[in-house]
Structures are given as structure tokens and as C-alpha cells.
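The sequence shown begins at 0 in numbering that gives the first Met the number 0 and counts up one residue at a time.
All the pointers check out, no bait thrown in.
With a straight-line Cα cutoff of 25 Å, these simulated DMTMM-like cross-link-like pairs (lysine to aspartate or glutamate) come out:
#: 1; residue 1: K141; residue 2: D197
#: 2; residue 1: K20; residue 2: E121
#: 3; residue 1: K171; residue 2: D188
#: 4; residue 1: K62; residue 2: E14
#: 5; residue 1: K148; residue 2: D206
#: 6; residue 1: K131; residue 2: E232
#: 7; residue 1: K119; residue 2: E230
#: 8; residue 1: K92; residue 2: D188
#: 9; residue 1: K171; residue 2: D64
#: 10; residue 1: K23; residue 2: E79
#: 11; residue 1: K184; residue 2: E232
#: 12; residue 1: K122; residue 2: D206
#: 13; residue 1: K23; residue 2: D93
#: 14; residue 1: K51; residue 2: E121
#: 15; residue 1: K239; residue 2: D197
#: 16; residue 1: K254; residue 2: D188
#: 17; residue 1: K96; residue 2: D206
#: 18; residue 1: K122; residue 2: D88
#: 19; residue 1: K194; residue 2: E230
#: 20; residue 1: K171; residue 2: E60
#: 21; residue 1: K141; residue 2: D127
#: 22; residue 1: K131; residue 2: D247
#: 23; residue 1: K43; residue 2: D88
#: 24; residue 1: K184; residue 2: D74
#: 25; residue 1: K107; residue 2: D206
#: 26; residue 1: K92; residue 2: E79
#: 27; residue 1: K131; residue 2: D114
#: 28; residue 1: K62; residue 2: D188
#: 29; residue 1: K239; residue 2: D199
No wet-lab data here; the hints were simulated from the structure.
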Amino acid sequence: MENTNHTFVVCAYRESPYLEKCVKSLLRQSVLSNIIMTTSTPCKYIEDIADKYQIPLFVREGKSDIRDDWNFAYDQAQTEWVTIAHQDDLYHKDYVKYFLRFIGYYNKPIAFVSDYLPIKDEKIGDRDINSKIRRILRTPLKNKSFAGKRFWKRAVLSLGNSICCPAVAYRKTVLGVSFFTSDLKFNIDWDTFLKLADIDGAIAYADCPLVYYRIHDGATSKEFIETHRREAEDRIMFRKFWPNWVVDIIMVFYKKAYNTYN
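With the sequences and hints as input, model every part of the structure.
Dropping the structure here:
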């Protein structure tokens with residue numbers, strides 16, 4: 000069984016030891032989908048994996064940048080829907096199957112998201128406190144009426160970035176090209192989801208773990224925590240919902256989530 004309405008775009012960066020595992024999880028989908036690969040750091044390692052699995056590889060010229068790399072990846076997809084697959088992560092074999100089911104259930108879907116589980120030390124683990132809280136915050140999206148309302152789409156983001164970015168499928172034919180416009184680096188995804196919340200249409204949600212999000216020392220998230228860039232950008236995002244004094248209170252508790260990478 001094959002679906003031609005959706006594309007996985009694997010964003011490959013340098014020589015990630017997890018890239019091939021990610022690719023294999025996409026090739027094992029119970030409903031096959033289009034798969035392409037993009038990079039702004041071309042090298043033999045990436046080229047060999049693309050050749051091995053006969054995946055078209057697109058190279059972006061210029062300096063690596065998260066927003067530019069994501070827009071390039073997003074723009075290469077020639078289908079109605081696109082999921083930007085992060086090279087460190089794994090996808091459940093039924094990701095596409097559930098994606099198709101849920102976008103058919105919601106009215107005017109503009110995006111699809113799912114639950115996730117963390118991978119640490121090469122093991123898919125139980126939910127940590129961070130993923131448990133995020134799941135609770137996403138609860139309103141289970142209601143197909145709420146999922147299309149601007150208030151509720153913003154509400155699920157108001158107490159933190161509750162959506163796991165590798166799990167998101169974007170409806171490109173509605174959202175247009177180069178959808179990533181945020182100036183933020185760490186919270187480019189959170190800021191983009193807020194942009195989604197302001198667009199007419201529903202965020203379809205599958206409340207089951209379809210993505211396995213890898214936590215490791217080389218993760219970009221850990222780098223941003225150590226440089227304190229994450230804290231600065233978290234405050235920027237919270238100020239889009241709350242006054243400064245409320246942000247100060249929220250940050251006392253929100254920073255505890257940083258311990259995920261310790």
C-alpha cells in the first residue's frame with residue numbers, strides 16, 4: 000500500500016551516526032510514502048546513505064542555518080503534505096497510516112501532530128516528566144472542534160512547547176512555500192506552531208506515540224541549554240502569551256525540563 004500525498008524529508012547534517020536508523024524507520028512504514036533527503040553539509044557519508052537506499056538527495060548552497068535548512072527541505076517536497084524528519088529520531092511503522100486516518104477525521108486540517116516517546120541510551124523509554132506534561136497540554140487537540148479554534152490552538156502552546164517538531168506534518172498546499180519565518184533558533188518550531196494557531200483550520204492530533212525522540216549529548220537542544228540561548232528564547236515565547244511577572248513564575252518551573260538532557 001502506498002500513499003503519494005505525503006513526503007518525508009530527512010534533514011541530514013554532517014555525519015550523524017543515527018541517520019541510517021532514521022531512514023530505515025521511514026522505509027519500514029506500513030503505508031509507504033515519498034522519501035527525499037536534504038543537506039547543507041554535503042559529504043560522502045550522507046551521499047552514501049542516500050545512494051544505498053536510493054533516496055533523492057538535494058543540496059542547499061550556503062551556510063547551514065536551521066530556518067534556511069528547514070525551508071529548503073520543506074520546499075523540495077512536491078506533495079500536499081510534508082513531514083520534516085529529524086535525522087536523530089525514529090518513526091513508528093504506522094506513522095503514515097495514522098496520519099491518513101486522522102487528517103480524514105478533522106475538519107479542514109492544516110497540520111498533523113502525534114504523541115512521542117524519548118530514546119535515551121539507545122532505549123525507547125517510559126515517559127519522562129517533560130513528555131507527560133506536554134501530553135497533558137495537548138489534550139484540547141483531541142477534540143476536533145477545539146482543534147480548529149484559534150483560542151485552543153494557542154492555549155496548548157501557552158505553557159510551553161507542547162508539540163514535538165519531528166512529529167508534525169504540514170499541509171503545504173494550504174500553508175504555502177517557505178513556511179518557517181521565525182527569527183528564533185532554538186524555538187523556531189514553537190514560534191512556527193504559534194503561527195499555525197493563527198491560521199484557519201485544524202491541527203489534527205493522534206494521542207499515541209508515533210515518533211521516538213532521541214536525547215543524546217550531540218543534540219542541538221543540549222547545546223542551546225548550555226549556552227543559555229534556550230532560556231532566553233523560552234522567555235521570548237512566553238511573553239507572547241503572558242505579562243513579564245507571570246513569565247518569571249513560569250520559568251522557575253519550566254527550566255526544570257532542561258534536566259532531561261543531564
